[in-house]
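Number of protein chains: 2
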Amino acid sequence: MAEPTGRAFEVTGANLIAGRDSRAGSHTFYSVDPRTGEPGTVAFSSATREEVDAAACSAAEASKVLRALPTAKIGTLLRRIADRLDEYCPLLVEQAELDTGLSASALTREMQRTTWQFRAFAEVVESGWHLRPIIDLPDPDFIPVPRPDLRRMLAPVGPVAVFAASNVPFAFGVSGGDTASALAAGCAVVVKGHQSHPSTSELLARVISEAINADEAPKGMFSLLQGDQEDVGAALVTHPLIKAVGFTGSFRGGKALFDLAVRRSEPIVVYAEMGSTNPVFVTPAALDARAEQLGQAVADAITVGNGQFCTKPGVVAVPDGPARVRFEEALGQRLLASSIGPLLNQKIFHELESDLREIALIEGVTESDRGVDVEGALGFTPRVLVTSAGVLQEHSILREEHFGPVVILASYSNEEQLLELATAMPNSLTATIQAEDCDVSLVRDLEEIVTKKAGRIIYNGIPTGVAVTHAMQHGGPFPATTDSSSTSVGSSAIFRFLRPVTFQNYPEALLPPALQSDNPLHLERFVNGVMSADAIAKG
Amino acid sequence: MAEPTGRAFEVTGANLIAGRDSRAGSHTFYSVDPRTGEPGTVAFSSATREEVDAAACSAAEASKVLRALPTAKIGTLLRRIADRLDEYCPLLVEQAELDTGLSASALTREMQRTTWQFRAFAEVVESGWHLRPIIDLPDPDFIPVPRPDLRRMLAPVGPVAVFAASNVPFAFGVSGGDTASALAAGCAVVVKGHQSHPSTSELLARVISEAINADEAPKGMFSLLQGDQEDVGAALVTHPLIKAVGFTGSFRGGKALFDLAVRRSEPIVVYAEMGSTNPVFVTPAALDARAEQLGQAVADAITVGNGQFCTKPGVVAVPDGPARVRFEEALGQRLLASSIGPLLNQKIFHELESDLREIALIEGVTESDRGVDVEGALGFTPRVLVTSAGVLQEHSILREEHFGPVVILASYSNEEQLLELATAMPNSLTATIQAEDCDVSLVRDLEEIVTKKAGRIIYNGIPTGVAVTHAMQHGGPFPATTDSSSTSVGSSAIFRFLRPVTFQNYPEALLPPALQSDNPLHLERFVNGVMSADAIAKG
Numbered sequence: 001m002a003e004p005t006g007r008a009f010e011v012t013g014a015n016l017i018a019g020r021d022s023r024a025g026s027h028t029f030y031s032v033d034p035r036t037g038e039p040g041t042v043a044f045s046s047a048t049r050e051e052v053d054a055a056a057c058s059a060a061e062a063s064k065v066l067r068a069l070p071t072a073k074i075g076t077l078l079r080r081i082a083d084r085l086d087e088y089c090p091l092l093v094e095q096a097e098l099d100t101g102l103s104a105s106a107l108t109r110e111m112q113r114t115t116w117q118f119r120a121f122a123e124v125v126e127s128g129w130h131l132r133p134i135i136d137l138p139d140p141d142f143i144p145v146p147r148p149d150l151r152r153m154l155a156p157v158g159p160v161a162v163f164a165a166s167n168v169p170f171a172f173g174v175s176g177g178d179t180a181s182a183l184a185a186g187c188a189v190v191v192k193g194h195q196s197h198p199s200t201s202e203l204l205a206r207v208i209s210e211a212i213n214a215d216e217a218p219k220g221m222f223s224l225l226q227g228d229q230e231d232v233g234a235a236l237v238t239h240p241l242i243k244a245v246g247f248t249g250s251f252r253g254g255k256a257l258f259d260l261a262v263r264r265s266e267p268i269v270v271y272a273e274m275g276s277t278n279p280v281f282v283t284p285a286a287l288d289a290r291a292e293q294l295g296q297a298v299a300d301a302i303t304v305g306n307g308q309f310c311t312k313p314g315v316v317a318v319p320d321g322p323a324r325v326r327f328e329e330a331l332g333q334r335l336l337a338s339s340i341g342p343l344l345n346q347k348i349f350h351e352l353e354s355d356l357r358e359i360a361l362i363e364g365v366t367e368s369d370r371g372v373d374v375e376g377a378l379g380f381t382p383r384v385l386v387t388s389a390g391v392l393q394e395h396s397i398l399r400e401e402h403f404g405p406v407v408i409l410a411s412y413s414n415e416e417q418l419l420e421l422a423t424a425m426p427n428s429l430t431a432t433i434q435a436e437d438c439d440v441s442l443v444r445d446l447e448e449i450v451t452k453k454a455g456r457i458i459y460n461g462i463p464t465g466v467a468v469t470h471a472m473q474h475g476g477p478f479p480a481t482t483d484s485s486s487t488s489v490g491s492s493a494i495f496r497f498l499r500p501v502t503f504q505n506y507p508e509a510l511l512p513p514a515l516q517s518d519n520p521l522h523l524e525r526f527v528n529g530v531m532s533a534d535a536i537a538k539g
Numbered sequence: 001m002a003e004p005t006g007r008a009f010e011v012t013g014a015n016l017i018a019g020r021d022s023r024a025g026s027h028t029f030y031s032v033d034p035r036t037g038e039p040g041t042v043a044f045s046s047a048t049r050e051e052v053d054a055a056a057c058s059a060a061e062a063s064k065v066l067r068a069l070p071t072a073k074i075g076t077l078l079r080r081i082a083d084r085l086d087e088y089c090p091l092l093v094e095q096a097e098l099d100t101g102l103s104a105s106a107l108t109r110e111m112q113r114t115t116w117q118f119r120a121f122a123e124v125v126e127s128g129w130h131l132r133p134i135i136d137l138p139d140p141d142f143i144p145v146p147r148p149d150l151r152r153m154l155a156p157v158g159p160v161a162v163f164a165a166s167n168v169p170f171a172f173g174v175s176g177g178d179t180a181s182a183l184a185a186g187c188a189v190v191v192k193g194h195q196s197h198p199s200t201s202e203l204l205a206r207v208i209s210e211a212i213n214a215d216e217a218p219k220g221m222f223s224l225l226q227g228d229q230e231d232v233g234a235a236l237v238t239h240p241l242i243k244a245v246g247f248t249g250s251f252r253g254g255k256a257l258f259d260l261a262v263r264r265s266e267p268i269v270v271y272a273e274m275g276s277t278n279p280v281f282v283t284p285a286a287l288d289a290r291a292e293q294l295g296q297a298v299a300d301a302i303t304v305g306n307g308q309f310c311t312k313p314g315v316v317a318v319p320d321g322p323a324r325v326r327f328e329e330a331l332g333q334r335l336l337a338s339s340i341g342p343l344l345n346q347k348i349f350h351e352l353e354s355d356l357r358e359i360a361l362i363e364g365v366t367e368s369d370r371g372v373d374v375e376g377a378l379g380f381t382p383r384v385l386v387t388s389a390g391v392l393q394e395h396s397i398l399r400e401e402h403f404g405p406v407v408i409l410a411s412y413s414n415e416e417q418l419l420e421l422a423t424a425m426p427n428s429l430t431a432t433i434q435a436e437d438c439d440v441s442l443v444r445d446l447e448e449i450v451t452k453k454a455g456r457i458i459y460n461g462i463p464t465g466v467a468v469t470h471a472m473q474h475g476g477p478f479p480a481t482t483d484s485s486s487t488s489v490g491s492s493a494i495f496r497f498l499r500p501v502t503f504q505n506y507p508e509a510l511l512p513p514a515l516q517s518d519n520p521l522h523l524e525r526f527v528n529g530v531m532s533a534d535a536i537a538k539g
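From first to last, the protein sequence lines are chains A and B. Counted from 1, the first sequence has number 329 at position 329 by my numbering; the numbering is strictly sequential. Counted from 1, the second sequence has number 528 at position 528 by my numbering; the numbering is strictly sequential.
Because the hints were derived from the structure by calculation, they are not lab data. A portion of the hints provided could be inaccurate.
Claimed, not checked - Covered stretches of chain B (chain A as the covering partner; in silico rule of three or more C-beta atoms under 8 Å from a C-beta of chain A):
{"hint": "1", "stretch": "112-119"}
{"hint": "2", "stretch": "152-158"}
{"hint": "3", "stretch": "282-296"}
{"hint": "4", "stretch": "319-331"}
{"hint": "5", "stretch": "457-469"}
It should be emphasised that the depicted structure is a prediction, and the values quoted were computed from it without experimental measurement. Quick reminder that beta carbons are idealized off the backbone N, C-alpha and C, glycines included.
Chain A on its own, in the form it takes in the complex (with noise of 0.2 Å):
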């Protein structure tokens, strides 16, 4: 293949099977440009059943292969993968602009955080970190019986079904962590293109693959298939070549998925993030002393990336009294200076909407404030709805997550009542709470209430903004995810996609590197349960 010069890549509305353009469905469908409402000119081809079949079984070849990569090599090519998404950034961001209203400035902050996501991955992929391995030499004396030769370690769990999210085009789509974790676990990937940007979906895969091909790759460990229906999805979940899959979206969405591959006759993994109220539980001494700067942080926080975050705090429980007013005020003067875009899609624009219908039919709920009207077809008003933990937690959908720039607020009277909210929000990614020094007993009280139900908890910050780090946890327990014991940020990703493996009195020279004796990749290794990174004397 060349090397790329000016827009390499045309968008043409294939499907991209194993590096091979596939469009033999007769479906098609078309973007919308989410600022005029008008529908884009090429015409995407769904997938047909057999040509997620064609995906899966070229994944399924693909894997034998990457079973046997070096795991340096599978570094080398993360890393390629990262240097042509950088390549390409320019073209992708333009690209993604018009497919999601979302500004340049922040694609070009998300394409870097994408790549830096590859990279890592490549840094924990070339460590050896992720493959755990454990050894437990032979012991005659083990109780009750003599212990053999074992040697543990985690190993790829085949290939990947991937649906990539509307919400942040390269970070968690096609070019996204599931992407990058499962491909750095050894595991090829079919990933299902958002049909909200599908021209976007098509250029992520066209570079990937490009960079699969440069490095000689087995072409089946990464695919795209495209579609705006759900039988695509369906389809995928459903294939018995599918071993695990990765999802970020919607609750419902997340949902369907989960209940298609627990249904399977071998039922399967799905890791869904399905997003979250997050709420924020400000004590009355916070807001006492910071109450302007925490009107201005949560305006901010419900209108970066329009609003459509999975971290986005939904709901702030804010005591009564004349901070509030102050904190309002600070919210709604923010609001008014902050310039946002459109939502995403129809889809988006319309739930909210009608979310928003039915909260006001709610006796007890107010909108205090409004930011700027946005332009454009899906151009949606910030909104600030002012109600009393009371209210709140008579009324179920004021818990939910409502995918926009809207926040509720709620207001409570006492401790208890704070406590009593705390308990009544549903499982989210996260909580956060913003308190003051002297709030050390509310604060333990609110830490063991909301430790049960969120996955990362704030201690005076706001929830969104993601770092791609070791120590992320992203994820929480259901409805926030359907597998609270993994994350969908950071390098612990990568524990999705493998499993573990043990070698019993195995023959050295037929061991996996990673459990030689001589220990040739340098690993530390729990070994007779102290880590070490030595070889082991031979026996």
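Assemble the complex: chain A is given as a structure, and chain B must be docked to it using the hints.
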């Protein structure tokens, strides 16, 4: 509670809820002596829905205390449970012998293993290894946005339901690995005892409760529910306060619980170990070299535990030829020399009889050997069936687990047939390769197939015997288990009942000890990408 003297505990037939006897229901059932077929005299009270609720609520209450308990205290409790089990070992073995028909010597060994499990988990917990602390310190230059202070550790998932197995009454029973690992993780446990040995279950529960009581730990952290119908288990798995399930038993039982758990409004994870065929693949060179030894080893492997281990080899693939005659002769002779006991219960007995009746109708399957007849109502004569790889591939019942002292020998005539047979076998807990040094290429081909299908690969050994170590993997892809990413044996089992929580920008004073900068627990932590037991310099 008084110190134990003699037969300190009586079997009363009650459920044991948070340390208290409970018999609210009217439905009772009786144990059956597997040697005589006679029912016992104690009427066991099946738990009612209210009793299930009481146990789950007590567990949830206890969880609050457990969450705050220092891990060192949990270690002490686990050791106390182990000490008490050792102390009462003669009483427990005597009872279990009556309940299960297993030999006193086997049961005594099993108790050694059981208390070892508790002590091994105590060691894990005391080391803090299971908390997996990961710390990323703030980084203002982080891309694309500054990184906050992020500190991640594992925390208990909440109350766990454990379903005890019939075949290993101590080590996979009320005092089994699931109970030990869940308690070690800091989770309260509600055990559903197996209806096949209710007296043993009750005694074990009384011993564990006494240890909890003596340690002044929250009584609700352990309850035992009895029952001989599906309703008790169903009520337990669908109880909203239960957050995870551990199960060891039949495919039908495990799959039924899985189906209930994933259909809850809040689905929960089920770790069901449902047994498997555990195929053994013998190369021509191995059979030539070790026919007699292999025949004896297979006879031992199918009779240990009266043939009722989940790792019993169900299918042995052997090459055609003269060595096979020697192998079968040795197997038959050893079988005649083996003395085994009756099956565990009528259900197992009738299912095995029914399986063999169905198999007897298949053309191309013959019975080659029988062991000695086993006395007693549930005595079952060990059986060796012989067929060809081709016939085995045609009839799925031949590839399934038959729980009891039965093995199917599948003969093959060339390597291609052997690999086809390996490919046709269902997923298993284990796969065993019997080979010689000259077989490197064949072993690699076999390994490529079985690595995808099993959790433990044994070279020149037998699958029975599951050492309780760090490197053990007891779990394979479905249908061997419902979650191949975890193990039910070995220290890694603790991770089933933990989930990650990240604290962002948390004040030192409020952080859990495992994440505090001065590292008061002296843990090995992953700090900024490097393992370190050092304290973190205050910024």
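Quick rundown of the hints versus the structure:
1. 112-119: holds (count 3)
2. 152-158: With 4 residues in contact (Cβ-Cβ under 8 Å with chain A), the coverage given for the stretch 152-158 of chain B holds.
3. 282-296: violated (count 0)
4. 319-331: violated (count 0)
5. 457-469: holds (count 8)
Checked against the numbered hints above, the structure violates hints 3, 4; every other hint is satisfied.
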